[in-house]
Amino acid sequence: MPKPVHPASPARGAAAPGPACLPPRCGLGLKPEHFRAILETQPEIGFFEIHAENYMVEGGPLHHYLTQIRSHYPLSLHGVGLSIGGDGELDAVHLDRLAALIERYAPDSFSEHLAWSSHGGVFLDDLLPLPYDRYSLIRVCAHIDQVQTRLGRRMLLENPATYVEFAASTFSEAEFLGEVVVRTGCGLLLDVSNAYVSCVNHGRDPWAFIEALPLAAVGQVHLAGFACDTDAAGDSLLIDTHGAPVSQAVWALYRRLLGRVGPMPTLIERDNDIPPLPVLLAEARCAQGMLQELAP
Amino acid sequence: MSARDDFARALLDPDQPCPAGLVAWNGSDPARRFQVYRNNVLVALVDALADGFMVTRELVGDAFFRAMAAAHARAHPPRSPVLACYGADFPGFIARFPPAAGLPYLADVARLEYLRVVACHAADVAPVSQAALAARLADEAGLPALGLGLQPSLAVLSSRFAVVSLWAAHHGVGDLAAVLPEAAETALVLRPGLEVEVIGIPPASGVFIAALQSGRPLGQAADEAMALGVGFDLAATLGLLLQKSAVTALHPSGSIS
Amino acid sequence: MSAITTKSISAASLALAVGAALSLAAAPAAAQDRMADKEKCFGVALKGKNDCKAGAGTTCAGTSKVDYQGNAWSLVPKGSCEKTASPSSPTGHGQLAEFKEKKV
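Residue numbers (our numbering), protein chains in the order written: chain Y, 46 to 341; chain L, 5 to 261; chain E, 38 to 141.
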């Protein structure tokens, strides 16, 4: 069992969360479709978040626009390809690319997923589930230690949306995340939609799941939409598509969460069927309204 | 063979069984749930190809394209988590894909589209000033040995097919029905600023630019172009390169490091 | 060295061409006209390929496998290739061989 290299994160606000931190406001995923509209209208928004891998290219319009937008807004860097839950070693070349991107844009937050996406040298382009057992815990913690050491900063780890569970699991997901936070000192990116999707998919109570998470370590919240399907028994199977507005059930959980943890940087994610910027800004204002209800 | 190996293999191969050890809270068959992952992986990879090969897709229709892209994704899944330039071997796959054999130009259209993707994300390098090139005229005897560095985004595609016309017709330039696919064309792909351009050039110009790109000096590149024997307008070709900010370095010795 | 008796371009010819190229580059329309070919620029569709999106369901793509030796069902091409001229084709237009998919 490896010893924790970082102490557990103290309560929110007391810890130094890294080189910088996002404002406790609502942000949006940055989409190339909106580059020009953002620069022309300079909308009132707390921050933008990018998927790190999309910007791991040498030059061209992506960097051109991101550089300009970065100069006006706080930035969150969200990785989707590090394969923290991978079986083997982390891809050191990829970690170097990530470090270079962080060096270039100095994001206010860096986050990744409790999932795997590469195996045997092949990139499978999805956030895949892992059994929550001792073996996974040791490996995930070693990978997070390696990332935090290489990047010289604390990272946030996101709870996944999952469709299957493993007979081999010996921890609940909340317990597993709690252990990872304690052992590595990383923060938690609480994706409320993922929490809801997973709980519906696995027959659990979403609020009980959220309450069991290490809430003191939450550094950011994600909200997104999902699609509805059914499993082989005809029970609800929700698919985390990021292709729809945030559902009422997720808004209700979010409001309740804010009452518990206080104002948090909050992202509205939309990666599929991307609507015009004003539609997403309106959704962001919804979250912003809930954040402001908490303001003294 | 680990459980993870089984899981990964089953994602890309529907002939593999659902991996062992998966459970569902209600005791339902986990195979149905596992299909969500299979679907996600394949849809994501096919979408990544569809975004980069839009004309190829229009040529064969969405259903054919997605089936062909899925076959490619399963045979050649990405080796890197950076998908921006995924699809380098897709044109070659298309060339060997029996159902597409009736469209011999399809692979070259895909090659052209892939060059555009690469050009879009290539490094940004400032062009040399025209004054710097004008200054080289003072040393006329040194001109044949002058090497020209070109933009990293630049590529030449010399095709047996009318790739530029086919591509342009799908972007509202020219009538597709009037294009003769079997007419050879040479495409110059480059990104002078933020926008990738596709320019049809004479074959000799293509030979000249490709020679420069391979590091051969001005005199030798011009000789190679003229040796084609089909007419070569050096001034126009150089003028185009200058106008498109394609020349990024001048190497008086001819050596390009 | 003489341009008449060798295959190498002379320094003087190069100087003339470079001078003309500089003039052409200063007058953009002229350079294009002399290339006498089509030129068009369009933005590459800038879509993030590394996104957290997902297919909308449990079925379809993930389990259907292209099997172009098989015979489960035929896929009929409906692309713009049907509008391209193809003198060598019996229909006078581009054709795709049918290929098959099977559902697992």
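Bear in mind the hints are in silico, worked out from the structure with no lab data behind them.
Model, not experiment: these values are computed from the prediction.
Virtual Cβ for every residue (Gly too), placed ideally from N, Cα, C.
Careful, some of the hints might be misleading.
Below, in silico cross-link-like pairs of lysine to aspartate or glutamate (EDC-like), each with a Cα-Cα straight-line distance of 16 Å or less [unchecked claim]:
1) E:84 to Y:316
2) E:84 to Y:318
3) E:115 to L:62
Just some of the chain L residues that point at chain E, by a computed CB distance under 8 Å [said to hold, decoys possible]:
4) 134
5) 137
6) 238
Chain E regions said to be covered by chain L (calculated; three or more residues, Cβ under 8 Å) [said to hold, decoys possible]:
7) 55-64
8) 115-122
We went through each hint and held it up to the structure:
1. Restraint check for residue 84 of chain E and residue 316 of chain Y: the C-alpha separation of about 10 Å stays at or below 16 Å, so the hint holds.
2. With a C-alpha separation of about 12 Å, the suggested pairing of residue 84 of chain E with residue 318 of chain Y holds against the 16 Å cut-off.
3. Between residue 115 of chain E and residue 62 of chain L, the direct Cα distance comes to roughly 9 Å. Compliance with the 16 Å bound is thereby established for this hinted pair.
4. Look at residue 134 of chain L: its Cβ gets to within about 6 Å of chain E, closer than 8 Å, so that hint holds up.
5. Because the smallest distance between the Cβ of residue 137 of chain L and any Cβ of chain E comes to about 6 Å, under 8 Å, the interface hint for this residue holds.
6. Because the smallest distance between the Cβ of residue 238 of chain L and any Cβ of chain E comes to about 4 Å, under 8 Å, the interface hint for this residue holds.
7. Coverage of the segment 55-64 of chain E by chain L holds [criterion: at least 3 residues with CB-CB distance below 8 Å; count 9].
8. Remark: the segment 115-122 of chain E is confirmed as covered by chain L, as 7 of its residues place a Cβ nearer than 8 Å to a Cβ of that chain, reaching the required three.
Of the numbered hints stated above, none is contradicted by the structure.
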